[in-house]
Structures are given as C-alpha cells and as structure tokens.
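A.B. asks: Sequence:
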Amino acid sequence: MDKNLIVYNASAGSGKTYTLVLEYLKLCLEYPANGFKRSLAITFTNKAAEELATRVISSLTELSKPNSTHDYLDSLTKHFEISELELQERAKEALQNILHDYSNLAISTIDSFTTKLLRPFALDLGLPPEYEISLREKEIQKEIAKRVLRKSIQEKEINDVIVRWIEQTASNEKKTLKIGSSLERFIGLYFSENSRFSVLELKNSGVLSKGFNGKALFEKEKAIREQYKELGKQILEFMKLNALDIDHFKGKSRSGIIGLLGNLQGGSAPVFTSNTEKMFSNGEYFQKGLESLNPEFHNILSRVDDLNNTFGKDLILFEELNKNLIFIDLARIIDKELEQYNRETNTVLLKQISGRISEIIENNPTPFIFERIGARYSNILIDEFQDTSVIQWQNLLPLIANCLSTNGKVILVGDPKQAIYRFRGGELMQMVSLPDINPDPYPEKNKLLKPLLAQSIKKEGLKSNFRSGKNIVEFNNSLLQELAPFLGEPLSAYYKEGIQQAAQDFPGMVRVFFPDDGESKANFTSSEIGETHYENFLKSSVLDAHAAGVPLSDICVLCFSKKEIIRFRNFLEKEGIPSTTADDDLLLLSPDILFFRKVLEFKTHPLNREKAFDALNQLKIISPQIDLQKIWLDVHEQQTPITKNYKSEILIDFFGLDYSREPAHEIIQLSERFLIETQTSTFSTFLELINNYTEKNGSWSPGLIDFLSNEEDELRKNESRDNAVQFLTMHKSKGLDFQTVILPLLDPSKNKSNPEIAWMKTPRESLIVDYLPSIPVSIKKMDGLLTHESHANFVADQKHKSLIDDTNLLYVSLTRAVRNLCICAPKNKSNEIFGFFRGILERKLNPDEQVNFTYQIGEWSFMEGRKIEESEYSVTVNNKKPTPNSFPLIPHMHSSASKRGELLHELFGYYIPGSSFDGYHKKLPTTLATQITTDELKEFHQNLAQLLDAELTEPVEQTLVEREFIHENEILRPDRIDISQNKVLVSDLKTGQSDASHINQIKAYLRCASLVFKKETLGVLIYTDSKEKVLIHEY
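So that you can map any letter, position 990 of the sequence shown is 990 in full-length UniProt numbering, and since no number is skipped, the others follow by simple counting.
Check each hint, because a few of them may be wrong.
[Claimed, not checked] Lysine-lysine pairs mimicking DSBU-like chemistry, simulated, CA-CA at most 35 Å apart:
| id | residue 1 | residue 2 |
| --- | --- | --- |
| 1 | Lys229 | Lys215 |
| 2 | Lys313 | Lys229 |
| 3 | Lys761 | Lys138 |
| 4 | Lys47 | Lys1003 |
| 5 | Lys203 | Lys156 |
| 6 | Lys496 | Lys447 |
| 7 | Lys47 | Lys844 |
| 8 | Lys1003 | Lys151 |
| 9 | Lys47 | Lys598 |
[Said to hold, decoys possible] Taking CB as the label site, the calculated pair distances span:
| id | residue 1 | residue 2 | range |
| --- | --- | --- | --- |
| 10 | Glu906 | Asn346 | 55 to 63 Å |
| 11 | Leu543 | Ser181 | 32 to 40 Å |
| 12 | Arg303 | Glu155 | 24 to 32 Å |
| 13 | Glu339 | Asp101 | 37 to 45 Å |
| 14 | Ser540 | Asn34 | 57 to 65 Å |
| 15 | Arg973 | Pro443 | 44 to 52 Å |
| 16 | Asp74 | Val961 | 19 to 27 Å |
| 17 | Ser274 | Leu452 | 52 to 60 Å |
Just so you know, these hints were derived from the structure itself, not from any lab.
Glycine included, every Cβ here is placed at the ideal spot set by N, Cα and C.
Please model the entire structure based on the sequences and the hints provided.
C.D. replies: Right under this line is the structure:
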C-alpha cells in the first residue's frame, strides 16, 4: 500500500517552499480540471499563503509555455511519466481553470480556513445570526481591560478582586505594577490557545459561573500552620524552662535553631540547615554540661520532622494555590465581560470559536461539521506544521482521517527545530511524535485514529541547505550536535537528524567574539548607550563588513527584544551609522520621544493615574539622576491601589504644562525643562508630524494621541531601507534570510520582564476540597517552592519547554545568514541553553579561554553585483551628531495630492453607470461624502458620466471594485471592472499626467480579463485632471 501521509522534516534553508509548491503542482496537474479545488493548502500567515499561491500560478504559467525550462519540469514529467508537451497542456488547462474560478483555489491561512469552515454553522455553534468573526485580539484585550477597570470603580465585588489581584501580581513581579498593561497581559493569557482547554474545564466545572469556594483550602492550610506554631511554642517553652539561649547550642548562631524557631512561630515548614541536620542525625544539640536535655529536645524536633514529611509539601502547595485563587476570580470577571462584549458588538473572537469547534468534536465521534466540508477535499497540505496548536490539530484530524481513508494525500511540512511560537499555542511534539497522537483532550477519538496514521505515514528529510555558505552550514551542524543531548529524547535524536549538506559554492564566514565575563554582565536600560562589549562588537562588525565591501543594507542585526533594538539603533545613530527595521510591529521611538508622548497622553487625560505613572516612569528612564520618589509621594494619597486618588495639579506643575500652549510648543518647553537634545532627526520629524496634524485638526483635538500611535505605526512601514543596517527581533526573522547577520547575544532573561504564566493542574486527592481543575500560576514564583511531586514535575516540564524555546530561537537566528555570521557569545549563568552555547563554543574555538578573543573562519564576502564602491557611502565613526535622516522616527506624511487621489479612487468605486447624482450621493458612506464638497462631487459625477457611460452599451450585471487577480506572476488590481452580458469594461482612474506605463498596465489588465471572463474586453483610462480618456481595445 502506498504511503499517503508524507511528513517532510525541512531544516532551515532546505527548500521547504520549493517542495511544498512541487507537491501542490502534482495534485493540481493530476486532475487539471478540478485538482486545485480538491487540494487544501494551509499556511500560518497571509504572507506565506500569498507567496504559495503566487508561486503556484507563476509555475503553471511558465510550464504552460512552449519549450519551458522551469525548475519543476523534470520532476513533474518523471512523476507523471509524460512528455513535456503533455505537461504543457495540463499546465495550461489547470491555469485556465484556476484563473476562471480563483475563489476556489484553497490556499489560505489556518485562521481564514477556520472562518470559512464556521460560517455555515453559526446556529449549530450557538452564534448570533449576523455575527462577525474578529481577529482583532489585542484591541479587544484592551477594551475588556478598560471595561473591567471602569466597573471596578462602581462595583465593590470587582473592586475587591482587582485590589487582591494587584497585590498578588505585584508580589510575583516584584516591581511597580502597571495596572492596565498587566491586566491586558492576563486577558491575553485567558485568550491564548494554551489556555483554551483549561478555561473550558473551568466552564464545565461551573467555576466561571458560580465561582470557587476556597474556604476548605484555606482551612486546611490554617490547620497545618497551627500545628507548626504549636511546635514552635513548645520549643520556646522548653528553652525558657531550662534558661537556654542560642549560645547553649552547638555552633551557637550557626546552629540554625534561630531560623528554625522563626519559621515555626510563623506557621511555616522549616528547612533544616546542614548544621541542624547534623545535630538531628546525632541527637546532640547542646554544649557540654547540658547533654541531659538532648532527648527531650530531640523528641520535639522529631515531631517537626514528622510534620514536614506528612504535611510540609502540601502546606507549600496550599499556600501558593490560595494566593493564586485570585486569578480564578479574575478569569470569571473577564469571562463575563467578554460575553457581554460579544452580545453588544455582535462580535466573536476566532479563538473563542475554535474552542467551540473542539467542544462539538468532543461530543460527536464523527463530527458533522467536518463531514460536510471534508468531502470537498481529497488532499491536504499543511505548512509550518511544527507551529500547529493542539486545538488546530484536533480540529483538522477528522479532515485528515477522511483524506487518508479515501486514498487522498496528506502532506505535512515543518521543522521542530524552528518551533518558536509556543507562546501562541504551537506544539512541536505533535510533529515529533507522529504517528502517535497526544491523547488529550479526546483520548478515545485519538486512540481510534492512531492506527490509520501509523499505516499511512512516511517521513522524509530535506538534507541540503540552499541558503548558507559551507562554513556557516558546518558551524551550525556542529553546534546542533552539541546542543541536542541537552533536550532529551525524542527531541535529541530528531535534532541530530537535522545535519545538512551545503549546496552553495561559496564558503561563507563565521566570526565569534568571546567578551570578558565581567564587562559582559553590564546591566542596561533602553536609554543607556554605553561603550560595553556589545556596542563595540556591533560597531566593529558593521565597520569591518562595510570596509570589506558589504553594503549596509545587506547587514541585519538580530535582537531578542524591541528594547534591545532601540538601544542598539540609538547607539549606531550616535556613531553616524544609519539603521532601519523591517519589524512592522516595532514603534521606532527613541526614549526621548516616548517621554514626550507619555506627557501628551497625561495632559490629555490628567485624571488617569496610570498615564501619570507612565510619564514619570519614562522620565526616570531618560534622566535617571532625577529623584522622583518625593514627587510621586506628594501626588498620591495613600488609599487602596484601585481607588486611590492623586493630585494631578502637582504633576501638571512639575511638568510645567500649560493648557493654552500648542502641542509643539509644549514639546519644546519639555525639552528645555528636562535638558533633552533637540538637534536630532527624530525630534524634528516628530515636531513636523505634530504640526501637520494640529494645523488640520486643531491644537488639542481628541484624536491627537490615537493619531500619533496609528499614523506612526502605518507610516513607519515606508521608512527608507536604502543603505542602512537592518534590525529585527529574532522571532520576526523566521522565514527570512540576510547576506550578513550580527547576533549581539545579550542575556535573554533580561528581556523577559513579565513572568511566564501557565495553567497548572491541581491534584484532586491532595486538596481534599471541591475539585478545581487547574489554576494559572507564575512559573518563576512556583519554581523552588513546590516540592509536591506532581507540581515539581509541572515546573520541571515548563522549564524544559523554555529550554527548547531558547534552543530553537538560537537555531533560527544562526540559520538566517547567507554569507557572513557574527556572534557575540558572553558567559551566561542565568540562562541554561545560552550558558551551554558559550561553553560549547569556548571548548571548540577558544580552549585557552582567552579574554576578548575573536575566532574567525573564512573571509567576508558579498553577493555578486552588490559590492559597494568606495564613493558610495562613508561611515563616520564617533560622530556624535547624527547624519541627516540616519534614524528617521516617522517618515514625512503623505502629500495632499496622494490623499486626494485615494479619495477619488474610493468615490470611483461607488459610481453607478447611468445613475443620477442624487442616487450616487445617497449610496456614498458618510465618511466619504463629508470629505468633498457637494459641488466638487457633482462635477466628478458629471465627468464620469461623460467619460465612462458611453462605453457601456449594455446593462451592467456585475461590478468588481479593486478585485485582485494573479496573472503572469503579477498581482493585478484594476480600479473597477464592469461586466455585462457580452462585454467587459476595465477602467482605471488616474489623477496625474498621462504616461506610457499606464497603457502597459491596463493592457496587462485586459490580457488577464479576457482569459478569466472569456468575453470582449475594452479598457479605458480616465484622467481626472485633464478630463480625458484613452480607450484600449481587446488585447
């Protein structure tokens, strides 16, 4: 029997996408008429889905041409055992069918597929008829947090929960708590894939609806504490009765008796020190002359030891569980608020619905929801399988079982070594363990599926590395072999199988720097731009690469966090070296600009305590010398954390704010008041953005703060990347490659500012209380406290998963380099895997443990045709004034002409051929109609009627506005297509001057339209400024 479950282990740079496209083409070309309809390809990002679809279309386009030399030609002709001519005909037929029925090309993200899957079954899932599936998870997190905090002011029950949660969370994090952001993080935990089954258990147990009575748990803890206190009391009475003090014990103050007595009096389980343990083992406690007291004292300590062995572990467990019960109460409030939000907005989060699917699957051995959809697909391909969550995998298993049992094909492509999204719910062991399936959460169903997977599976490895030079590949191979044993089985064997062969013909270069241990430990804040080894390593690596001919734009610095990126970019700016970032989520803000924005936010909302704290906290970052303790105490009245008021007028005076002052003038005043440098590109660009907005919307328009957030995030994407060092977080680098990669490996633990929270199952037999299925706890807080066996295993499991995460993140980062890889490897005692990393490198490359030693193999190289000329750019070192535009905070705003063009294009999309002005005007959304005067709109409508209507000789049956088509490896998006019975009119609106490129563009539209619609096609270019049109007849 042919194996029809193929699992590809695709290491970094091994041609994963090439393989995936080839497999999809095989499925399409086997049945050119409808093979694409029967084959479902699932990716995890929109970008990956778009790339896969584009490659499939472009490959079919090339294969359909005579005398094609496409890369897939030989593989496909051999697979089908057909001639090139027959393959050409198949490709042509498949391409035509796809373009004609593009909506049925089933290449999508897992979220898009889930959404498509769910819509027909809204009633079955108990969803409202007109519900909207939302992916705006972070926005909803913020909204729920605001609602809960708002209600906490009015409702005592919620207020009490929030206050207790603040106290517990602040204790766990051991720092000042930002209430809003901390609550958003907890809500994020509640939303996460990792929490879904735990939350479901809580709902099913009734805990989220009626709450959890922790009284029995508290009483149990209290009873154990009383026993310890009683023993402490007996020891104290024994000492008083015999007139003893600490000097009468062997070892005196070093005996450990004082600490033991203190623990007992406090009702805690004491830990015997080595000296106490030695005395206890010998039964000898006192100095000479007091030996007769040993038996009685030993009797008391024996009872302490018995109590430790019987209840000590439970006491530690009960104490931590009692503290964390507040998280259950908070989860109950969040759950209630989320349900209310869903009802009010008619919105459902996709993750909520994914959980609902799992509920249906649990209760239906052969879920009808998948039977209806599964019949459509004979084949399934899943990309990045190692990042699939437990819920996603369980939801897909019925589909996969249907394919396998009907002789379809299932292809899973992934690499467990690149699984770095566990925090999003990714579970790499699902790939490693195949054909085994984790029995949780549906043991019976999964047990039945395992034999089918076992008889169908075939595992294959992609062994060649087509990305990196030989030295880089061999360096990473060697490192992987050394790190693998630390991960344990079965991962160790899986990782060792990831050895690759270099397919490129250039050697590549690897440079490793071993900094002095003392200096590499330097702490930093985001504003500290020090000359530590990290900065020196970064600067020397950039300058050496540049001197060797590598363009700055071919260099990428990978960092653990956005805080590091800001730190290093600020440093390079001061050195006169331009930089940029491709991280779409990163707000490119210097600490100074962050301060200005925090103060503006506070000025807009002076009664908001959190915004006041944020402004002061940011000032502390940029000016550590300022003592803010007194001002903070003066501002606050000491009341409960959630209800405390503060005297905002004191803070307004402290910042020197004036409500009659323009925002830009306020920023200048702040810079003078707190001695902030203004002669920088970031400052001038920020001021320009403020001025542009206030000129249009007024000085203190309510939308100013939102504008700064949204506009900066949007415009940042247009930041110039020419001739500048790129920065990226390690997580965002996955799937990308760079000619030169620099890794200044700071201690990753310093970037984990928030303790990791996980759901811990509670053992029913040890609690002797109403059953609580699981509870969220801080891993860091529990580590070292929980000696209870089941919970010690829980903590060990969580730490092992973190070890895997760090290993994979390191592997992903090291394998991004194409030609040059530079690594700063400090000694690291706080992170296990990075400590191993330094030790391995030192043993292999620096056995003499030389201080500030640099190892290098190979020479700098650059991509052919990319070597810079001497005159192209000059890096100025130690130039403390930034080069112009070297670190733009926010690019210049779009011009008014661009905004006008966007408006006219939107208005064009709403035009109805042959309609009256009143009919057209009524159809426009208010947001559009209010952006143009009635007279201007009338003139625009009249022009369209004259220029467009004459070409529409038949009634229009359908209009497509800005619909995307993929043709000849291009994404085409005509402004509008009007389709009548016998004719298709393709129209494009232009606001500038005519250009030959416009003709070529619309000809491309016509070629695609004629192929898709198979009707007479006509193109028209409409120039709004000159009120002219150009007709292009059928191609």
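A.B. asks: Quick one: which hint numbers does this structure break? Sort them smallest to largest.
C.D. replies: 7, 8, 10, 12 and 16
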